[in-house]
Amino acid sequence: MPVAPVTPPTPPDPPPREPTVSLDLSTSPTTPTSPTSPDRPARNARSARPAEGEGAAVRELPPIRPEDHGKPVFGRAFEYAKDPFALFRHQWDHYGPVAPFSMLNQRWVMLLGPDACEEAFRNKDKAFANGPAWTYLVGPFFDRGLMLLDFEEHHMHRRIMQQAFTRDRLEAYAARMHAPIEAGLAGWADGGRDRDFRAYPSLKQLTLDVAADIFMGGAEDTSPEEMAKVNEAFIACVQAAAAVVRKDLPFTRWGRGHRGREVLEDFLRHYLPSRRAVRTDDLFSQLCHIESDEGERFSDDDVINHMIFLMMAAHDTSTITLSTMLQMLGQHPVWQERCREESLALGPRPTLAELEGLESMDWVMKECLRLRAPVPVVLRQVVKDTVVQGVRIPEGTFVVLAPQFAQVMEELWTNPLVFDPERFSPERREDKSHRYAWNPFGGGVHKCLGMYFAGAEVKAVLHHLLRGWEWSVDPGYVAPMNNHSLPFPKDGQPIDLRRTR
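Under the UniProt record's numbering, the first residue of the sequence shown carries the number 1, and numbering increases by one thereafter.
Since the hints were made in silico from the structure, they are not lab data.
Be aware that a few hints might be false.
DSS-like, lysine-lysine: derived pairs with alpha carbons at most 30 angstroms apart [what the hints assert, rightly or not]:
(1) Lys126 x Lys432
(2) Lys447 x Lys366
(3) Lys82 x Lys247
Build out the structure end to end from the sequences listed, making use of the hints.
In structure tokens form, the structure reads like this:
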């Protein structure tokens, strides 16, 4: 996921290809499988259901079939939580790219396939808004984070925040992150081997520690026990999206989310005066001091709101990506060794450009983002009547865009459920079959601002792991995923971890 083109050294002859193992994303018989030959990638493929031609008649949303209303009140929410891929496929097969469904006593619309998602992401008529949709799900907990802003206000805030993600700053972040990564990994399999190491919670604490160091300049007044509570607060805020009772009551997800938000605000406000007082290289301080060309600056509340959202986005999504990479590399030792050889050829603390040049790791990361997107769906609300793929969507409709579905469509990918990083090689580039075939970072004006930072962080963590550890995962293991909010393995992602240095 390079920020700028990098020409890596000519790699050695690739090792023999090992048998690939399916991620087994769904147990449903309707999960897409590809009839395409493994040696012939899908090229220039388009949606199986093409966009409407010029002048085509606009159609109304089809009615929801009686058997598709789902459970009372909840609608199809439980089906998504159980198996989102099966739900995507069902909707695509029965309704096409603009698919109505019931959820929480309302008619929602699901946009499926790259063409429909592209129209919504590009948002030419400004009919799709982020704020109303995300506020409905997580508004009290990530209030006025960048993802919840729209149109001119979003543009103003994003323009200021972009200054914290310039190339120079990314290089500084990449150099700084090695120390907290080394410190965080020091206790992994410290007895030499752990046959049942739970990678996911360990990765989550590690990425939060990295985020605190890089984004905040450290948390010198916060003990490890207090940082664990900060981690729990982020979890509570994210998981509140799946709350049934949406009131601040004891013993509810929504109530825990409110308590979590209070913890995060107190944590950040403690450090705000010192970051205002002296300008340093960390993101927290940068947000306190940067201003637009017109002299616009963030208020204290703006800084806190953006920091809470950015720290959540930075460490949650990176954790999910790393967890998937550890699983796939543990099940594909040839690829693990191939990545290790590239990392051993570098020093212990590579620069941003060197991280970008880790070609095999880059392909593995992209393949894992394809198979298990950290953000499999994104939300919008239609703020004025609009048309997508020839279908009218009325004002007020909540819309779910499902970029994850396009990433496993047999129309776009060769054997889409098989782990095959070479599909991203220059000779194949299956991700170019459609502009929105591979889209884990969103699109349009809301495309992830921190995508290059995330790529550097993921590669840096994996680089250190490859140089000091090796691991394996049962080839038959299928991660039992919790899909209520951002997807994560319910069993903590067990791996057999062994120190090599």
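Results of checking the hints against the structure:
1. Lys126 x Lys432: Holds. Lys126 to Lys432 sits at ~27 angstroms (cutoff 30 angstroms).
2. Lys447 x Lys366: At roughly 16 angstroms apart (the allowed maximum being 30 angstroms), Lys366 and Lys447 satisfy the hint.
3. Lys82 x Lys247: 25 angstroms, holds
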